[in-house]
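Student: With the hints as constraints, model all of the structure from the sequences given.
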Amino acid sequence: MRKIAFILIVFMIITYLFGCGIGKERYYNKLNVYNWGEYIDPSVLDDFEKEYGIKINYETFATNEEMLAKIQAGGTDYDVIFPSEYMVEVMIKEGLLQELDFDNLSNFKNIGEEFKDFPYDPGNKYSVPYFWGTMGIVYNTKKVHEEVDSWDALWDENYKGDIVMLDSVRDTVGVALKRLGYSLNTKNINELEEAKESLIEQKPLVKAYEADAYKDMMASGEAAMSLAWSGDAMMLVNENPDLKYVIPKEGTNLWFDTMAVPITSKHKREAELFINYMMRPEVAAKCTEFVMYATSNVEAMKLLPKEFIENELAYPKGNIIEKGEVFVDLGEFTKEYNRVWAEIKAY
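Under this note's numbering, residues 941 to 1287 are what the sequence shown spells out, in order.
Just so you know, not all the hints are guaranteed correct.
[Stated by the list, open to error] Within a straight-line C-alpha distance of at most 30 Å, the following computed DSBU-like cross-link-like pairs (lysine-lysine) qualify: (1) 1275 - 1285; (2) 1082 - 1010; (3) 1127 - 1285; (4) 1147 - 1033; (5) 1242 - 1082.
[What the hints assert, rightly or not] Computed Cβ-Cβ distance ranges for the label pairs, DEER-style: (6) 1161 - 1209: 46 to 54 Å; (7) 1098 - 1057: 40 to 48 Å; (8) 999 - 1046: 23 to 31 Å.
These are computed hints drawn from the structure, not numbers from a lab.
The model shown is predicted, which means the values in this text are computed figures rather than measured ones.
Every residue, glycine too, gets a C-beta built ideally from N, C-alpha and C.
Tutor: Pasting the structure below:
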């Protein structure tokens, strides 16, 4: 009996080792992902869970500032976040991001060289590119009959109560600065005050300040025009043929959204596993077709429909990388932007 019991115990141990350890890499069974709203194909999350046996707790945020406040406050244990380029720079300076181990990121080779090594994160030590795009105006040609080629259109009194602006300090204040001929990264207090006054002047024309709802408002014809990110504009134009998107002649913001591991993560290895998974060409292509933003994954681009790659809304002609202006961290001057934004909203 003792011999039989011993054999049974040995068998159980061997079964456990081979089923859960030896020959099969084991991971922590949960991962907390914090992303923008409607910014991933849900099916890739399901596929990741099935492949690795890791349950994903998925939450969304509306602005970079909202995400930053959550990380700064502590009390959370997010493993993967999706900050924009200037927020990556902020979080690096504040020690809120963990350095990436590229031994775990073999798919980084799929990211185009033109999207790597930007000043906001030299050497991509802390972040890898996800989507990129421009800022512009989406407008309804049934309501707007003249050509739109300038940021001035958002200050046109003919469209009073029919204009939507983004509920985002850097984007909306940045547009006002570009309209006035200034850098959207200015630290000149007089230029910033001038932009503030122009947005206060514009306010009676504004129907709403929105982060996501502007898409529904434009798709339904509820508004004549809106400040918009290029990916959203591409989706809207596909949904409603009366809509058009333009990058104003005064210049625009060139933005990048990235994937990073915050200091809150207790499971960096699994976080990097997820990021590496997201850089697979087939996964990146799925997300690109779902979200309709331009991907930085050049291998994924080979899997996308020709009409998508040739769409100038997603991939504008000319060297947009050189012509666009990228947001940078403003350091202590950020409080001045926050101040003027609060004054604009309260006016």
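Student: Now, for every hint given, state plainly whether the structure supports it.
Tutor: Hints versus structure:
no. : hint                    : in the structure
1   : 1275 - 1285             : holds (15 Å)
2   : 1082 - 1010             : violated (42 Å)
3   : 1127 - 1285             : holds (21 Å)
4   : 1147 - 1033             : violated (37 Å)
5   : 1242 - 1082             : violated (36 Å)
6   : 1161 - 1209: 46 to 54 Å : holds (49 Å)
7   : 1098 - 1057: 40 to 48 Å : holds (45 Å)
8   : 999 - 1046: 23 to 31 Å  : holds (27 Å)
The structure does not agree with the numbered hints 2, 4 and 5 stated previously, though it agrees with the rest.
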